[in-house]
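Residue numbers (the UniProt record's numbering), protein chains in the order written: chain F, 1 to 282; chain G, 1 to 242.
Everything labelled a hint here was simulated from the structure, so no lab data went into it.
Note that the structure is a prediction, hence the values are computed from the model and not measured.
Any given hint might turn out to be false.
Stated by the list, open to error - Using 25 angstroms as the maximum straight-line C-alpha spacing, the simulated BS3-like pairs for lysine-lysine come out as follows: (1) F:Lys167 x F:Lys23; (2) G:Lys25 x F:Lys114; (3) F:Lys96 x G:Lys25; (4) F:Lys233 x F:Lys23; (5) G:Lys240 x F:Lys125; (6) G:Lys240 x F:Lys96; (7) G:Lys90 x G:Lys170; (8) F:Lys191 x G:Lys187; (9) G:Lys170 x F:Lys114; (10) G:Lys240 x G:Lys182; (11) F:Lys268 x G:Lys187; (12) G:Lys25 x F:Lys125; (13) F:Lys22 x F:Lys243; (14) F:Lys191 x G:Lys182; (15) F:Lys191 x F:Lys226; (16) F:Lys257 x F:Lys181; (17) F:Lys8 x G:Lys240; (18) G:Lys170 x G:Lys45; (19) F:Lys265 x G:Lys45; (20) F:Lys165 x F:Lys8; (21) G:Lys45 x F:Lys226; (22) F:Lys263 x G:Lys187; (23) F:Lys144 x F:Lys173; (24) F:Lys268 x G:Lys182; (25) G:Lys25 x F:Lys226; (26) G:Lys240 x F:Lys263; (27) F:Lys114 x G:Lys240; (28) G:Lys173 x F:Lys114.
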Amino acid sequence: MNPFGNYKTVISARATDKEILKKAQDGGIVSAAYIYGLESKLLDGVIVANTEDGFNAAPKVATTPEEVLNAAGTKYTVSPNVSVLKDAVREYALEKVGIVGTPCQVQAIRKLIKYPMGFRHTDSKIALVMGIFCMENFSYEGMKAIVEEYAGIRMDDVLKTDIGKGKFWVYSKYGDVKSVKLKDTHMYEQKSCHICTDYTAELADISTGSVGSPDGWSTIFIRTEKGEAYINKMVEAGVLETKNIDDVKPGLDLVQKLSLQKKEKNEKEIVQRRELGLPVPY
Amino acid sequence: MVKIAHIHMSGCTGCLISLTDTYEKLLDILGSVELVYALTLADEKTEITETDDKILIERKIPEGIDIALVEGSVCLDDHHSMDDILTTRKNSKIVVALGACAASGGVTRFARGGQMSQPSHASFVPIGDVIKVDLALPGCPPSTESIVKLLTAALEGDMEYLEPFAEIAKYGKDACGCDVIKEVINKSLCMGCGTCAAACQVNAIDMVEGKPNINSEFCIKCGICSAQCPRVRFPEIIRKLE
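Please build the complete structure, drawing on both the sequences and the hints.
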């Protein structure tokens, strides 16, 4: 089983801007790429998963670095980023749009590029597709149950959430840090995630996630020529600090382990659903 | 030379506008095809029949069409409409249902007759209810890019690319926003990407808590939401990057 899909190179990296690192989940790769894109005019607008009231997530078209920074950080709840893509082109009149998504959302973007039935004059405006590593997602109410019932922190008071070391971590605005065992969170996972066999966003131009790199750094898969040119420009401009993936701990082996775990577990689920006569994407 | 015809049934001409809106891309295609029949785009070829009591001047659908792009639904109460669609099938190798009305009935599904200027015209059905359809491209109208991609694939014989359109021709005649409810949400497949909401051309879909909420009062039964959903159909061809 191919764990990562096609890619050209894989590196470990982090943003050089301290402001970005302060707000970002790990290495700040998405924020740095977006801000660099807006400032260098490689992009004229980007789609972000914005943080709303009560630590909910919702898609937003951002056209300034401030808006990008405000949306930084992982929400672990559904943000239907593709839903605002046509608005970005029509209402914001954007010509070069950056879009980020989970692996399933990146698949949706690739499908609409290949089959743009209801997307008039849209696919040619997508300038950069970024993907983030993803094991599964929670609905908002599911995450609220984890945060409020299990961790005992009000959603309005959440500063940051994180998954690491087998736990779901919640950081409150008042300095509390609570954790919930991941096995207690499983029942709140979106069941639709269980037929997804893509962990590293295999169809993105660039995919990124914390797994495989040290704390504060991210792993980046560069998959397309467009993605390669973009990362090279970022490195030349000095907005990205990079390391060879073979020189960092825990390294690519961990990414491979988690990716294969997701693929094998969800392949089984697909077989089971087929046996029951239930449809799966084909 | 591949002969292409645009056949106009009961539709608003929006699909024809979308076809012409391809500008230079259409010119690329026109270089390798012969447009034998199309409103405004091709010269009118009329047939004149003279009898004792009258002279009949008719616009005739030509023979030997390779690809017929049919826009609009069929009015069962109108014999001209019935003649045209049957002639189109008889004279064409490939019939494409171009757009929502031809593919699934679209907004014409809501027609119920009794209106000026043809009060007796009440029954409008997708062309697949009357003839065999080879490929159906949903959308109201389908995007210019998708028309060009479909035509290019048809000219190149790229059956892998065309497969989803052949499937919609077979199963997509009753398309509706509720397909997303029945086939995606009810089947535990919806992960909340929002493609259906962005694709919907009449803003009948809102994303609520990350999932689509279908406003069936607005839905025109074009089927673009489920056709565009990556969780209904994800052709292998999409996985080929660069």
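Hints and how they fare:
no.: 1; hint: F:Lys167 x F:Lys23; in the structure: holds (21 angstroms)
no.: 2; hint: G:Lys25 x F:Lys114; in the structure: holds (16 angstroms)
no.: 3; hint: F:Lys96 x G:Lys25; in the structure: holds (21 angstroms)
no.: 4; hint: F:Lys233 x F:Lys23; in the structure: holds (23 angstroms)
no.: 5; hint: G:Lys240 x F:Lys125; in the structure: holds (20 angstroms)
no.: 6; hint: G:Lys240 x F:Lys96; in the structure: holds (23 angstroms)
no.: 7; hint: G:Lys90 x G:Lys170; in the structure: holds (19 angstroms)
no.: 8; hint: F:Lys191 x G:Lys187; in the structure: holds (10 angstroms)
no.: 9; hint: G:Lys170 x F:Lys114; in the structure: holds (21 angstroms)
no.: 10; hint: G:Lys240 x G:Lys182; in the structure: violated (30 angstroms)
no.: 11; hint: F:Lys268 x G:Lys187; in the structure: holds (17 angstroms)
no.: 12; hint: G:Lys25 x F:Lys125; in the structure: holds (17 angstroms)
no.: 13; hint: F:Lys22 x F:Lys243; in the structure: holds (20 angstroms)
no.: 14; hint: F:Lys191 x G:Lys182; in the structure: holds (16 angstroms)
no.: 15; hint: F:Lys191 x F:Lys226; in the structure: violated (33 angstroms)
no.: 16; hint: F:Lys257 x F:Lys181; in the structure: holds (20 angstroms)
no.: 17; hint: F:Lys8 x G:Lys240; in the structure: holds (14 angstroms)
no.: 18; hint: G:Lys170 x G:Lys45; in the structure: violated (33 angstroms)
no.: 19; hint: F:Lys265 x G:Lys45; in the structure: violated (63 angstroms)
no.: 20; hint: F:Lys165 x F:Lys8; in the structure: violated (29 angstroms)
no.: 21; hint: G:Lys45 x F:Lys226; in the structure: violated (49 angstroms)
no.: 22; hint: F:Lys263 x G:Lys187; in the structure: holds (20 angstroms)
no.: 23; hint: F:Lys144 x F:Lys173; in the structure: holds (16 angstroms)
no.: 24; hint: F:Lys268 x G:Lys182; in the structure: holds (23 angstroms)
no.: 25; hint: G:Lys25 x F:Lys226; in the structure: holds (23 angstroms)
no.: 26; hint: G:Lys240 x F:Lys263; in the structure: holds (19 angstroms)
no.: 27; hint: F:Lys114 x G:Lys240; in the structure: holds (10 angstroms)
no.: 28; hint: G:Lys173 x F:Lys114; in the structure: holds (23 angstroms)
Violated hints, listed in ascending order, are 10, 15, 18, 19, 20 and 21; each of the other numbered hints is respected by the structure.
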